[in-house]
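Engineer: Given the coordinates of chain R, work out where chains S and E should sit on it, guided by the hints.
Protein chains in written order, with this note's numbering: chain R, 1 to 489; chain S, 1 to 131; chain E, 1 to 523.
Heads up, some of the hints might be wrong.
The list that follows gives simulated cross-link-like pairs (lysine-lysine, PhoX-like), each with its CA atoms no further than 25 Å apart [stated by the list, open to error]: (1) R:38 <-> S:116; (2) R:41 <-> S:115; (3) R:41 <-> S:116; (4) R:163 <-> S:63; (5) S:115 <-> R:38; (6) R:163 <-> S:116; (7) S:63 <-> S:115.
If you're looking for bench data, these hints aren't it; they were derived computationally from the structure.
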Amino acid sequence: MSQYYTATDHFVLVPAIMLALFGCAILLFDFWVFPEPKQRKWLLAFLALGEAFAGYGLWQQHTYIAGQGIAELTAFQGSLVVDGFSLFFNWMFIAAASIVALMSYRYLEVEGEHHGEYYSLILLAQCGMYFLASGADLITLFVGLELMALCFYIMVGFLRSDKRSNEAAMKYLLLGGFSSGFLAYGFSLLYGLSGSTKLSEIGVAIARRDPADPVLLLAMVTTTVGLLFKISAVPFHMWAPDAYEGAPTTVTAYLSVGSKAASIAFLLRIFLGPLASARAAWEPLLVFAAIASLTVGNLAAISQHNIKRLLAYSSISHAGYMLLGLVAGNETGIKGVAVYVLVYTFTNLGVFLVIVALRREGLVGDNIDDLAGLMHKSPGYALLMLICLLSLAGIPPTAGFIGKYYIFLSLIQAGRYVLAAAAALYVAVAIYYYFRIVRSMFMSDAEDAGAMETTFGVRVAAALTGLGTLGIGIFPEPFLRFAGQSLIR
Amino acid sequence: MPESYVELYFPVFLQVLIAMAVAGGMIGGSYLLGRKVKNRIKDTPYECGITPTGSARGRFSVKFYLVAMLFILFDIEAVFLYPWAVVYRELKLFAFVEMFIFIVLILCGFFYIWKKGALDWSQQERPPEER
Amino acid sequence: MNLLTLVLFLPLAGFLAALLVPRDRPGLVRGFVLVVSLAVFVLSIGLALPQAPAAQGYWFETNAPWIQSPAIRFHTGLDGLSLWLVLLSTLLTPIGILISWNHIDRRVKEFYAFLLLLEFGLVGVFVALDLFLFYVFWEVSLVPMYFLIGIWGHQRRIYAAVKFFLFTMTGSVLMLAAMLYIYGVTGTFDYPTLLTMLASGRWHVESGEQMLLFLAFFVAFAIKVPLFPLHTWLPDAHVEAPTAGSVMLASVMLKMGTYGLVRFCLPLFPNSARHAAGWIVTLAIIGIIYGALVAMVQPNMKKLVAYSSVSHLGFVVLGVFSFTQAGLDGAVYQMLNHGISTGALFMLVGYLYERRHSLEIADYGGVATPAPWLSTVFLITTLASIGLPTLNNFVGEFLVLQGSAQVNFRWTVFAAIGVILSAVYMLWLYQRVFFGEAGEPVRHHVYDLSRREWAAILPLLVLMVWMGTLTQTFLPAISASNARTLERSNVNVEFQVKARTPLVAGQAGQAEARPAKEPPDAR
Numbered sequence: 001m002s003q004y005y006t007a008t009d010h011f012v013l014v015p016a017i018m019l020a021l022f023g024c025a026i027l028l029f030d031f032w033v034f035p036e037p038k039q040r041k042w043l044l045a046f047l048a049l050g051e052a053f054a055g056y057g058l059w060q061q062h063t064y065i066a067g068q069g070i071a072e073l074t075a076f077q078g079s080l081v082v083d084g085f086s087l088f089f090n091w092m093f094i095a096a097a098s099i100v101a102l103m104s105y106r107y108l109e110v111e112g113e114h115h116g117e118y119y120s121l122i123l124l125a126q127c128g129m130y131f132l133a134s135g136a137d138l139i140t141l142f143v144g145l146e147l148m149a150l151c152f153y154i155m156v157g158f159l160r161s162d163k164r165s166n167e168a169a170m171k172y173l174l175l176g177g178f179s180s181g182f183l184a185y186g187f188s189l190l191y192g193l194s195g196s197t198k199l200s201e202i203g204v205a206i207a208r209r210d211p212a213d214p215v216l217l218l219a220m221v222t223t224t225v226g227l228l229f230k231i232s233a234v235p236f237h238m239w240a241p242d243a244y245e246g247a248p249t250t251v252t253a254y255l256s257v258g259s260k261a262a263s264i265a266f267l268l269r270i271f272l273g274p275l276a277s278a279r280a281a282w283e284p285l286l287v288f289a290a291i292a293s294l295t296v297g298n299l300a301a302i303s304q305h306n307i308k309r310l311l312a313y314s315s316i317s318h319a320g321y322m323l324l325g326l327v328a329g330n331e332t333g334i335k336g337v338a339v340y341v342l343v344y345t346f347t348n349l350g351v352f353l354v355i356v357a358l359r360r361e362g363l364v365g366d367n368i369d370d371l372a373g374l375m376h377k378s379p380g381y382a383l384l385m386l387i388c389l390l391s392l393a394g395i396p397p398t399a400g401f402i403g404k405y406y407i408f409l410s411l412i413q414a415g416r417y418v419l420a421a422a423a424a425l426y427v428a429v430a431i432y433y434y435f436r437i438v439r440s441m442f443m444s445d446a447e448d449a450g451a452m453e454t455t456f457g458v459r460v461a462a463a464l465t466g467l468g469t470l471g472i473g474i475f476p477e478p479f480l481r482f483a484g485q486s487l488i489r
Numbered sequence: 001m002p003e004s005y006v007e008l009y010f011p012v013f014l015q016v017l018i019a020m021a022v023a024g025g026m027i028g029g030s031y032l033l034g035r036k037v038k039n040r041i042k043d044t045p046y047e048c049g050i051t052p053t054g055s056a057r058g059r060f061s062v063k064f065y066l067v068a069m070l071f072i073l074f075d076i077e078a079v080f081l082y083p084w085a086v087v088y089r090e091l092k093l094f095a096f097v098e099m100f101i102f103i104v105l106i107l108c109g110f111f112y113i114w115k116k117g118a119l120d121w122s123q124q125e126r127p128p129e130e131r
Numbered sequence: 001m002n003l004l005t006l007v008l009f010l011p012l013a014g015f016l017a018a019l020l021v022p023r024d025r026p027g028l029v030r031g032f033v034l035v036v037s038l039a040v041f042v043l044s045i046g047l048a049l050p051q052a053p054a055a056q057g058y059w060f061e062t063n064a065p066w067i068q069s070p071a072i073r074f075h076t077g078l079d080g081l082s083l084w085l086v087l088l089s090t091l092l093t094p095i096g097i098l099i100s101w102n103h104i105d106r107r108v109k110e111f112y113a114f115l116l117l118l119e120f121g122l123v124g125v126f127v128a129l130d131l132f133l134f135y136v137f138w139e140v141s142l143v144p145m146y147f148l149i150g151i152w153g154h155q156r157r158i159y160a161a162v163k164f165f166l167f168t169m170t171g172s173v174l175m176l177a178a179m180l181y182i183y184g185v186t187g188t189f190d191y192p193t194l195l196t197m198l199a200s201g202r203w204h205v206e207s208g209e210q211m212l213l214f215l216a217f218f219v220a221f222a223i224k225v226p227l228f229p230l231h232t233w234l235p236d237a238h239v240e241a242p243t244a245g246s247v248m249l250a251s252v253m254l255k256m257g258t259y260g261l262v263r264f265c266l267p268l269f270p271n272s273a274r275h276a277a278g279w280i281v282t283l284a285i286i287g288i289i290y291g292a293l294v295a296m297v298q299p300n301m302k303k304l305v306a307y308s309s310v311s312h313l314g315f316v317v318l319g320v321f322s323f324t325q326a327g328l329d330g331a332v333y334q335m336l337n338h339g340i341s342t343g344a345l346f347m348l349v350g351y352l353y354e355r356r357h358s359l360e361i362a363d364y365g366g367v368a369t370p371a372p373w374l375s376t377v378f379l380i381t382t383l384a385s386i387g388l389p390t391l392n393n394f395v396g397e398f399l400v401l402q403g404s405a406q407v408n409f410r411w412t413v414f415a416a417i418g419v420i421l422s423a424v425y426m427l428w429l430y431q432r433v434f435f436g437e438a439g440e441p442v443r444h445h446v447y448d449l450s451r452r453e454w455a456a457i458l459p460l461l462v463l464m465v466w467m468g469t470l471t472q473t474f475l476p477a478i479s480a481s482n483a484r485t486l487e488r489s490n491v492n493v494e495f496q497v498k499a500r501t502p503l504v505a506g507q508a509g510q511a512e513a514r515p516a517k518e519p520p521d522a523r
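Pulled out of the complex, with its shape left as it was, chain R reads as follows (with noise of 0.2 Å):
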């Protein structure tokens, strides 16, 4: 220890610490310990196990912070921060990583793409989402979101002999490399018109600048752009529904969750710290993103055949939602934001999750079709499939009610009753298309009356998010309190 990195710096960083150093052990053990294709479970064991040390290492952080009663902790010249903020989207991220690696044994073999290198890459992603959960610096963001983008750039393409998994990883790679041309130009000009890349001092000068200035207005358009083209908001969603339907489904699940969370934390970060004085100017912006989201999102989802497309799109239409939270701008929709994203992350892994354990030797699964009849087939994730739809579509006593109910909440608190009334009836037409599934698996018969195989794994991850979408719709409380204490400030 010196004071380039003192006892507080390795605390702030021991998580991400243990989630590359599992991360790269898994890569080399892979060759050197467990060659065998029969030992890759050693390697799931091992990501639990980095899993569980970087949660060992987040809930010091969390019993330290109580303790302390302090708000934050900051690390790095203040370059890393550990607030409530960054400890509830790490938390979740541990809970997405570990669910989306628990489905994703038995389908990579299935896919008959089962490589090491898999799981290390979702620890090496879920690194790159702490530094964005947690990141107080321009940089820091930065290289947090690629390295989480890069990663996600190679799962998606993970399926080497499938035409639509590379043409995914293709237009991934590339949108997502554009956006991120965006965000560094925005950033670079933030940097200019400061003179600084952290957070707070940015949002000092930025504070006494004309909000009218040119220069800021640019620097905070591109910023936009490009963490709009992040969380997959209209108009910048052209990439959502192609990667989504292309990536293997473990890999979709875990992009619509983790990548977006972590998006959404890093858009959090950005627009309530330095870019907080400007509200003004970037209101309409989100505004505008926000309906055109639940806009495009609901209508275009109407008419899909493909349910990881469908769910492209209705993931599009929720990150309108979560950006109208941000809209309202209170402490109800911001608080609103963080649970809706919490419940998302459990409610669409359920999704995906069914949509996984379908898959089977001649059945892709991922056609509306293919799941008739799984009521009668499979009654357990039928129920759970029902459970996780009504979630996202937002129906009492699931926990997706509980994350609109606060949208609403704090736009009506905040006076924009149009918005609220159009958030509450695009409801109505989300429901439609989330029920042509569930009319699918309750009332159609099956076409073929094979069972579907399933390992521990995957029920395990079942039960984990069938509780989660439950559980918070029921006894919220303390998914609510937690919530809370995540405000930013």
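Structural biologist: Here is chains S and E on its own, set in the frame of chain R:
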């Protein structure tokens, strides 16, 4: 101390102007003064006077690209050693540990590609599934 | 944990337990859910035993925190309005199970489990005293009904189920938005607290704002009732639903709408409710006459009964928006009546369908010969439905007409036309189905009531007579809570209802000349 941006950047501006004038002047001059002959031989690629043979679109083994990419990767990582060397005296042990970790990480990647066979020239017929 | 929460949660526990029963033991599931639902019913009778008068509070109140911020409480309780509706739900669930006994042969376990879940949602709707909790139960009751129609329905079941769900959901999200607005202004979802705040003037609502809130609630309830232009989902849902689904839908689910009108629209938005009353009553009367006329020409028995529901529920809305004690009493009484007589009608139509496998009236005729008891029961139900004195509907319709006559005699005249029309279509239906020459299929397939079918219909027949003669069993509790509702709907009213909305354009001037309505008379 120069007072404004104009003053500060005037030499640069002048430099750009002169460069453009020289380049333009040379091309323009040769265009005006030179003799122009047009025939088929003149249109062929210039290869030191020897008649070109074969197609210009030859195919290379993908290994060349792989090696080129790997070279760039490790080369760029090596670049980080220069600033490290500069501040080494100031940072002392911390810099040493830091660079040690950095190199271990690079070595991880190096072992990985080595074991994956990316550096293996000889085995041409590796089935893609074999590890 | 008092009796009410027990009645509320026992069906949920039964639902979960029923899901655990092995799939290949349908008999076990049936027996189990029947026992559970009967137990719930027996317990719920305890709710109706004489209670100390609840002046401001509610019987069997439970008030526990559920979510701290925003303040959402698990607040449930009973009053005279909800008491009988809860009993109606708990009575009809075992009956619904009985009539499905042999009728449902696919996915038996899920069917009965969903019936119990539906009961949980319905009871919850009627006992919730927290706006948010009310909304939660409102949605919970929606889902099982969607499946009951969509899985076990007839040919066009999916269309009907989706239409049903979308209609109701569209209304209810607007209601949710209004609830959140109210929370934003007052900081509470608690219904009694809101009433106190309204009475003391702590929650002051501008009239325009109140009208919007009123409309958001009203549309959600009107879709559910269903009120005339919003009724189109109802015939589809009824025709496609399995018998038990139709019975639960007609008897209890439609009451969620009218219950909401009485419970929330009147006391929470008194001004707007009174301002809009003219228009709403007009729609209700159009519904009464339109429903009756359409019912008359239906070739399909279930559709006929479905349209008769539109007509009957018009009476309920008319009674509610007459703002008189008699009208409200009649409306609430009519809710129960409709639940019993229309439920019975749907059951009997279901019995016929089980025998002849057709809902077309033209396929029947002469059923009285092979099935005399079935015909007798159908006749009693028909007579109850058209409002014969000594049977239940008479009391409700009489009170509604009396109440509306106190306000505007022309309403009474038009509504009475609906009563006459109901006699026409019901008796005509009876004649076409039961009299005449019995055709070969009818003689061959139709048999008389089985013991199980008797067991299902008998309680309803008893209730028809009981409610038609011994009204004092039911009315005092209803009147007391209605009196409170009326009292509250006078709170904060700048009482100048300027012009009654004219019913007929030509009489506009005359209508405007009517003086402002006097406050409701003493009971």
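Engineer: Each hint should be assessed against the structure and marked as holding or not.
Structural biologist: Structure-based check of all given hints:
Between residue 38 of chain R and residue 116 of chain S the CA atoms are separated by roughly 19 Å; this keeps the pair inside 25 Å, and the hint holds. The straight-line distance between the Cα atoms of residue 41 of chain R and residue 115 of chain S is roughly 20 Å, inside the 25 Å bound, and the hint therefore holds. At roughly 20 Å between alpha-carbon atoms, residue 41 of chain R and residue 116 of chain S fall within 25 Å of each other, so this suggested pair holds. A hinted pair counts as satisfied when its Cα atoms are at most 25 Å apart, and residue 163 of chain R with residue 63 of chain S qualifies at roughly 22 Å.
For the given pair, residue 115 of chain S sits about 19 Å from residue 38 of chain R by alpha-carbon distance, which is consistent with the 25 Å threshold. A distance of roughly 23 Å separates the Cα atoms of residue 163 of chain R and residue 116 of chain S; the hinted pair therefore holds under the 25 Å criterion. Restraint check for residue 63 of chain S and residue 115 of chain S: satisfied, since their Cα atoms lie roughly 15 Å apart, inside the 25 Å limit.
Checked against the numbered hints above, the structure violates none of them.
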